[in-house]
Amino acid sequence: MYMFKYVTKRLSLMLFTFAIIFTMCFVLIKLLPIPTNALPGQDPEIVMKTLEGRGWITNIQEGENGVWTYDRVPIMIQYGTYIKRIVTEGDFGIVTTYGEYLNMNIWEVFVNHLPPTVLINIYSSLIGVPIGLGLGIIAALKKNKWQDQVINIFIILLISVPSIVLALLIQYLFCFKLGWFPLTMSTSNEYFTMRVFRSMLPAVFALCLGSIAGYARYTRAELSEVLTGEFMLLARTKGLTKRQAIYHHAMRNSMVVIFPSILSEFISVLSGSLIIEKIFGINGVGGLYLNSITFQDYDFFMLLSGFYTLVSLTAGIVIDISYGFIDPRIRMGAK
Amino acid sequence: MDENMRNIPKEKLRFATKRDLYHDSRFETKPVSYFQGAFNRFCKNKGAVVGGIVISILVLFAILAPLFTPFQPKYYDMVYSYVTPKNSLFVESGIDFWDGCKEKNTSRVGYLKDLALAQETGREVIKHGEYEIAADGSYVYRYDTYYGVGFGKYKIISPEEYKDIQRYQNETGIQVLYPIVKASERPTLEKNKYDANIYYEVEKLDAATIKPKLNSKGEIVPNYWEYAAGEETSVIAEYNSLRIEGENGFKKDGDQHYYVYGRRVDGGIEVRAEYYEYYIYQHNEVIKDGITKPSFLFGTTQTGKDIFACLAYGARFSFLFATTVAICNFVIGVIWGSISGYFGGKIDLFMERFSEILGSVPSMIVITLLKYHMGTSSQALVLFIAFFATGWIGMAGRTRMQFYRFKNQEYVLAARTLGARDSRIMFKHIFPNGLGTIVTSFALVIPSMIYSETSLSYLGIINLEAGNMTSVGTLIAAGQQSIMANAAYVALFPCAFLVLLMLSFNLFGNGLRDAFNPSLRGTED
Chain A
961 MYMFKYVTKR LSLMLFTFAI IFTMCFVLIK LLPIPTNALP GQDPEIVMKT LEGRGWITNI
1021 QEGENGVWTY DRVPIMIQYG TYIKRIVTEG DFGIVTTYGE YLNMNIWEVF VNHLPPTVLI
1081 NIYSSLIGVP IGLGLGIIAA LKKNKWQDQV INIFIILLIS VPSIVLALLI QYLFCFKLGW
1141 FPLTMSTSNE YFTMRVFRSM LPAVFALCLG SIAGYARYTR AELSEVLTGE FMLLARTKGL
1201 TKRQAIYHHA MRNSMVVIFP SILSEFISVL SGSLIIEKIF GINGVGGLYL NSITFQDYDF
1261 FMLLSGFYTL VSLTAGIVID ISYGFIDPRI RMGAK
Chain B
735 MDENMRNIPK EKLRFATKRD LYHDSRFETK PVSYFQGAFN RFCKNKGAVV GGIVISILVL
795 FAILAPLFTP FQPKYYDMVY SYVTPKNSLF VESGIDFWDG CKEKNTSRVG YLKDLALAQE
855 TGREVIKHGE YEIAADGSYV YRYDTYYGVG FGKYKIISPE EYKDIQRYQN ETGIQVLYPI
915 VKASERPTLE KNKYDANIYY EVEKLDAATI KPKLNSKGEI VPNYWEYAAG EETSVIAEYN
975 SLRIEGENGF KKDGDQHYYV YGRRVDGGIE VRAEYYEYYI YQHNEVIKDG ITKPSFLFGT
1035 TQTGKDIFAC LAYGARFSFL FATTVAICNF VIGVIWGSIS GYFGGKIDLF MERFSEILGS
1095 VPSMIVITLL KYHMGTSSQA LVLFIAFFAT GWIGMAGRTR MQFYRFKNQE YVLAARTLGA
1155 RDSRIMFKHI FPNGLGTIVT SFALVIPSMI YSETSLSYLG IINLEAGNMT SVGTLIAAGQ
1215 QSIMANAAYV ALFPCAFLVL LMLSFNLFGN GLRDAFNPSL RGTED
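These protein sequences, in sequence, are chains A and B.
Residue numbering for the first sequence follows this note's numbering, beginning at 961 and increasing consecutively.
Residue numbering for the second sequence follows this note's numbering, beginning at 735 and increasing consecutively.
Everything labelled a hint here was simulated from the structure, so no lab data went into it.
Ideal Cβ placement from N, Cα and C applies to all residues, glycine included.
Mixed in with the good hints, there may be bad ones.
Heads up, incomplete: computed chain A residues facing chain B, CB under 7 Å, no partners named [said to hold, decoys possible]:
1) I980
2) V1121
3) P1122
4) I1124
5) V1125
6) L1133
7) K1238
8) I1253
9) F1255
10) S1265
11) T1269
12) L1270
Straight-line alpha carbon distances no greater than 20 Å define the calculated SDA-like cross-link-like pairs of lysine to any residue that follow [claimed, not checked]:
13) A:K1105 / A:E1185
14) A:K990 / B:R1087
15) A:K969 / B:R1087
16) B:K986 / B:V955
17) A:K1137 / B:S1216
18) A:K990 / A:L1011
19) B:K927 / B:G1001
20) B:K1105 / A:G1023
21) B:K938 / B:G964
22) B:K778 / A:I1113
23) B:K820 / B:K861
24) B:K1105 / A:I1091
25) A:K969 / B:E1090
26) B:K1022 / B:V1100
For reference, chain B alone in the conformation it holds in the complex (with noise of 0.2 Å):
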C-alpha cells in the first residue's frame, strides 16, 4: 500500500475544491412529526389495528343498531318468553342453526300435543316433521319456539277488536282466529283450564298432564264446538270472516252445522287466536310500532324482551356515559394534576393528601352513599357522579408525573426566561409533550368504566333498567337466571360483546401504549 500510495502518478492529483467537502448531506427524507410517528408505529402493530377495528364496529353497532331494529328495551311480551334467536337468512336457507328452533327432548304426550299444534295451524312446529325416538323412548326433534306458543291462553277482547280481527280476516285472508272448544269440554284443572292449545278430545279432563284421546287410526279428534245453523245461542258471538270448516259450514246429520269462534263472557268475547298471526294483528294494525313480525335476532329473555335491542340499547349507553365520564375526569384530572405537578411544594403536598384521601374510599361504598342521598334522582346521574367523584384521581396522577417529569428542563427554563406566563408553559410547552401517556391512559379508562358499570349493575347496586334504558349488566344478570331454564343464549350475546370490547380495548391500549412510548415497548405495567 505503501508503494502505490508512493507511486502516483502527478497528473492523477489535483487541488480538491470547496465544493467537493461534503461535511453533512441534505435529509432527503420527510421530517416526521411526533404524532405521526406514533401512528405509523401503532400501524404496525396488528394487534392494536385489529382491536381498533373491532371497536369500531361495536361502536357503529351501538349508534346505528338502535336505529334500525323496531324494537326498544322497554317492549316485552310475555308469551314470547325464552323464543331463541332467529335469523331469517338461515331460516330461509332451511339451515338448522340460528332458526328460531331449539333441540326438544320430550315425552310421547308432549310430542302428540305440539303435533297437534301443527296439523291444526299447519306450521312446522316441529321443524321438516321430523323425530328420533332415543332409547329410553323419549321424542328428540327440532322443536321451533316461535311456532310452539301456539294459541296461549284463551283470550277475551273487546266486541270491537273481534270485529276488526274479522275486517283483517277477511282483508288479507290469514286466519287468525280459530274454532273454540266448549267451555263443559275443557281440562278442569287450573293450570290447563285456559290453555288454548287443547282443541282435541283428551282421555280424562281433570288429569294433571293432559293426554290426547286418538282414534283408531292414532289420529288426533278435533273438539271443536259446533252449533247447527240457525240454532245460535246468545252466548255465540257473531262471526263473518274465514272459517276452517269451509265458508258453508259443513253437513251433520242432514244439517248445516259451523264452529263457533267466540263466546260471549263477562267483559268481552273469548277467543282462540294464533299468538303468531295475532301479534302481527296486533303490531301492524293496533299498535302500529314498525315491528312487522315476531322474530328476534338474539332471541328474548326470561320476560320476553328482545335481547338484540336491549343489547344495542345498553351498548349506547355504556358507550355515551363511558366517554362522557372519561371527557369530564380528563379535563378535572388534567387541570389538578397539572397545577399540583407543575407548582410543586406546598401546593403539591396538600392536593396529593386530598387527592389520596378520596382515591383510597373504595369506590362501592362511594356510589352507597350517593345512592342513598339521591335516592329519588335517576340511577344513571348517581352513577355519573361516583364514577367522576373518585375516577379524575389517575388522570390527575398521571399528569402530575409528565410534569414532574418536563417541567426542570431546559426548554421551559427558556420560556421562562422568555417571559412566559405559567399558563402557557403549562399549557403549551409541557402539556404537548405529555399528551402522549395521558391520552393511553384515556382510551384504558373507557373499557373500565364500562366494565365497572356492567358489575354494578349485574350487582344490582345500580339499577339502570327504567323507562326505556338498560344496561349489559342487567342482561348479563337476566342471562345468569336463564342458564338454570336452558337457555343460555340470554348470557351468551352480552357476555360475547364485554368479552370483544374488553379484548379489543386492551390490544388497542396497548398498541396506543407502545406507538407513544417505543422506549416501553414490551413492558407491562
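The shape of chain A in the complex, shown without the other chains (with noise of 0.2 Å):
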C-alpha cells in the first residue's frame, strides 16, 4: 500500500512536469509566424484550407494578387482542439513542411522510424550490459591488481573520447579501411534479415562501448564498496566460501543500485542517439527529429519533442520507483 502511494505521487508529479512543459513548447511553437507558403506543386489555397481546418487559423480570404489573409485563432483555443485531438483520435496532424513525407500522418511517419532506432540501442544493450558490467566485476575483485589497471585505463580512456570521434573511429576503421561493413545503414524495411543487421553493427559497436565503460565504472565502484562491507566479513566468519559470499552476498547487494541505471537505459534506448543516427545514416527518430527542425514543420517537432521529454522523465522515475521494489529496506519519500 505504501509502495502504491508512492509511485502514484511520483507518477502524478511526472504527468504534472510533462504537461507544464508540453504546454510551454506549444505555445512557443504557436508563438512564431504560421509556415503559409506553399511548396512547389502545392496549391497555395489548399494549403490554407488545410491550416484552417487543423484549427491554427480562420477567416481565410484570397486578396489580390494570390495573398491570403487570415486570423490567427488564439493560442489556448488552437491547443484545446490538438489535445482533443490527440486524445479522441490519436492524431498528431499532419506533415506539412518536411517535403520527403509531405501531407503523411505524423504519426504513422513516427512509428516507421522507431524500430532502426530501437534495435540498434537495443543490440547495443545487450552487448553493453554483460560485458560492461564483466568487466566492472573482475576490475573489483582484482582491484589494485593488474587486472583493475588494465580495465581502468580502458574505462578513463572510453569515458573520455567522444561518442563522435569513437564512432568516426569506427566507420573509418571497419567501414572504409577494412571494408567489413558497408559505410551506413541500409534503409530497407526488413530488419531482420543478414544484410541489414550487419550494417547496423557498426552503429551498434560505436554506441554500446560507451555504455560499457559507463557500466565497468559504475559496477567497479558498487561492488568494491560493498565488498569492504562488514556483512562480508560476517559470511566468511560463518564459514561461506569466498565464492559463496560474493555471489549471494556482495553481487546482490550491488545489485540494488545497478540494476535500476540499467533498467532506465533501456527505457531510454527509445530515444536514441543523434550523433550515432547521423554519422552512421540510420533512418530513425534522431533523423526525423533533425530534419523537422530544418524544415520547422512545427506538428512535427511537437510530437517529436513530447516523446523526448517524456522518454526523459520516464527513465528518471523508473530510477527512483525500481529501488523500492528491489530492496525493500529502501523506503523512497518516506519521513
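Reassemble the complex: the two chains are provided individually, in unrelated frames, and hints are given to aid placement.
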C-alpha cells in the first residue's frame, strides 16, 4: 500500500511536469509565424484550407495577386483543439513542410522510424550490459592488481573519448579501410535480415563502447564498496567460501544500485543517440527530429519533443521507483 | 623489575620540577590551510598534473595560434582543396612524412600526366621521381598535393594583372606564366577543355581520358602555340617577360619563333599560370594578407579551408564560450542555490520545483525553440542563452546541497547569535566551506559544454560558421565527409583536439575532486 501511494505520487508529479513542458513548447511554437508558404507544386488554397482545418487559423480570404489573409485562432483554443484531437482520435496532425513525407500522418511516420533506433539501442544494451558488468566485477575483485589497472585505463579512455570520435574511428577503420561493413545503415525495412543486421553493427559497436565503460565503472565502484562491508566479513566468518560470499551477498547488494540504471537505460533506448544516427545514416527518430528542425515542421517538432521529454522523465522516475521494489529496506520518500 | 625499583639508590632520585612536565609540545610544522592542502594533494596526483599541463597547452594553442597564422577561418581556396598536411621542417629534412605528399596509386596514364607536369615545371610532383609498379600494373608513388595541382584550369585575368605578373616575373625571375596551347588543339570534351595541365600532344582530343602521345623515345611532346617573329595576330597578347624557350625564342625553319603566353578573349587574357607561383604572387603582391606561400600545417578541407586556422579559431571560440557560460552559470547557480538551501522551507520547495521542471526539458528542445524564435540573431548568442537557461541548474543543486550540509552546524549558530546578517552568514561563513566541491564541478562543466557545442554544430542544429567564425564540430562534420575522399587527416586533427581536451579535463577534474574532498578519493560518482 505504501509503495502504491509512492508510485502514484511520483507518477502524477511526472505527468504534471510533462504537461507544463508540453504546454510551454506548444505556446512557444504557436507564437512563431505560421508557415503558410506553399511548397512548389502545392496549391496555396489547399495549404490554407489545411491549416484552417487543423484549427490554427480562421477566416481565410484570397486577396489580390494571390496574397492570402487570415486571422489567428487564440493559442489556448488551438491548444484545446490539439489536445482533443490527440486524446479522441490519436491524431497528431499531418506533415506540412517536411517535403519527403508531405501530407502524411505524423504519428505513422514517427512509428515507422522507431524500429531502427530502438533495435540499435537494444542490440547495444545486449552487448554492453554483460560485458560492462563483467569487466566491472573483474576489476572490483582484482582491485589494485594489474587486471584492475588495465580495465581502469580502458574505462577512462572510453569515457573520455567523445562518442563522435569513437564512431568516426569505427566508421573509418571497419567500414572504410577494412570494408567489413557498409559505411551507412541500409534503408531497407526488413530489419531482421542478415544484410540489414550487418549494416547496423558499426553503429551498435559505437553505442555500446560508451555504455560498457559506464557500466564497468559503476559496477566496480559499487562492488568494491560492498566488498569492504562488514557483513562480508561476517559471511566469511560463518564459513562461506569467498565465491559463495561474493555470489550471494556482495553481488546482490551491489545490484540494488546497478539494476535500476540498467532499467532506465532500457527506457532511454527509445530516444537513441542523434550523433550516432547521423554518422551512420540511420533512418531513425533522430534523423526525423533533425529534419523537422530544418524544415520547421512545427507539428512534427511538437510530437518529437513530447516524446523525448516523456522518455527522459520516465527514465528518471524508473530509477527511483525500482529502488523501492528491488530493495525493501529502501523506503523512498518516507519521512 | 620490582626488585630494581625497590633498590634505586636514594641519590638518583630528585624532585620533579614544574618545568620538566611536558604535556604538549609545540608544533614545529607550519600550519597548512585548506587550499594549500588541496594544492599539495593535487600535485601528488600525477595524472591530474599531466591533465592540467595538457589543458594549458591546448589553451595556449587556442590563444597563440590565431596570432601566428596568417590564415583565417574565412579564408578558402578551392584549388588547394584536400592538400595534405605539410610541415616545412619535415620537407627540408627530406623525410617522407608530413611533407604535403600522399600515396598515389594510379594507372600509367595518370603517372604520365604527373610526370609531364614535373618535367614542365621542374617541381617534384612525384617525390624523388621514384615510383613502383604494383602487381596489377598500377603505378605507386608519393604524390605532392601542392605541386600536383599544377596549372589548374585556364585562367582569364585582366590586362592590368597580366602586365603586373610580367613585372613581377621580371623583378623576381620567377616563372609564373607558361606558354598556352592553341584553342583548336585542346581536348574537346567539357571536362577536359579547360584543363591547363595538358600542354602536350595527345592521342585523341575527344577521348574521356586524355592520353599523352609519346614520341619514339617514349617522351612527352610539348604542343605549345608558337608564332614566327613579326607574325603576331591580334589574338596574341603582348608578352615581354621570362620565356621558357629563351629570351630570343627558338629557330625553326630559319625563322625566329616564339611561344604564345596569353590569348585575348572576352573579358581579359587567357593564361596558363602555375598555381603555386601564382598563389604566392596573388597573396604577396595583390591581397597582401600575410600569407607567404601555400603550406598548410594541418592540410585543407574539401572547400580549401586551412584546418590549422579553423581549429585554432574554433578552439579559441570554444574555450571563450565555455568559460563565459560557466562563469554566468556559476554566479546564477550559486546565488539561486544558496538562497534555496539557506532559507529552506517553502522557498526551497518552490525554487526546487521550478528548477526541476526547467531542468527536465531536454536541452535539444530548448535550443531548437530558441533558434526558431531568434532566427535572425547570431547563432553563438542562441547557443549562449540555451546553455545558460538550463546550465545553472546543476550548479544550483550542488550549492544547495553544500548549504544544507553546513547551515545547521554550531559555528553558523554562533555567528547568528552574535548578530551576523543572513547574507554575511551565507557568503562569509557557509559558502567558503562548500567552495571546493563547487569549484570542482565548475572545472568539469567546461569540457561538457565544449562537447555539447561541438556535437550541436556537428549535427548542424547550430551553425557557427558565419563570418570569420568556425567550430570544432563543423570541422569534424567536414572530416566525416572527407573519409570517403580518403582524406582522413581532415577529421584527425579536430578529433585529436577533442580527445586530448576531454581526457585531460577528466583527469584534471578527478584530481581536483580528490584534492578538495580527500574523503571521496577513489569513489566515482
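Checked hints:
1. I980: holds (6 Å)
2. V1121: holds (5 Å)
3. P1122: Result: holds, 6 Å to nearest chain B Cβ.
4. I1124: holds (6 Å)
5. V1125: holds (4 Å)
6. L1133: Violated. Min distance 10 Å.
7. K1238: With a minimum Cβ separation of about 6 Å from chain B (threshold 7 Å), the hint on K1238 (chain A) holds.
8. I1253: holds (5 Å)
9. F1255: violated (12 Å)
10. S1265: Given a least distance of 4 Å, the restraint on S1265 (chain A) holds.
11. T1269: holds (6 Å)
12. L1270: Result: violated, 10 Å to nearest chain B Cβ.
13. A:K1105 / A:E1185: holds (16 Å)
14. A:K990 / B:R1087: violated (25 Å)
15. A:K969 / B:R1087: holds (15 Å)
16. B:K986 / B:V955: holds (16 Å)
17. A:K1137 / B:S1216: It holds: about 13 Å lies between the C-alpha atoms, which stays within 20 Å.
18. A:K990 / A:L1011: It holds: about 13 Å lies between the C-alpha atoms, which stays within 20 Å.
19. B:K927 / B:G1001: holds (18 Å)
20. B:K1105 / A:G1023: violated (32 Å)
21. B:K938 / B:G964: Judged against 20 Å, a Cα distance of about 32 Å means the pair is violated.
22. B:K778 / A:I1113: holds (19 Å)
23. B:K820 / B:K861: At roughly 14 Å apart (the allowed maximum being 20 Å), K861 (chain B) and K820 (chain B) satisfy the hint.
24. B:K1105 / A:I1091: violated (40 Å)
25. A:K969 / B:E1090: Holds, because 16 Å separates the two Cα atoms, which is no more than 20 Å.
26. B:K1022 / B:V1100: Distance of about 44 Å is beyond 20 Å: violated.
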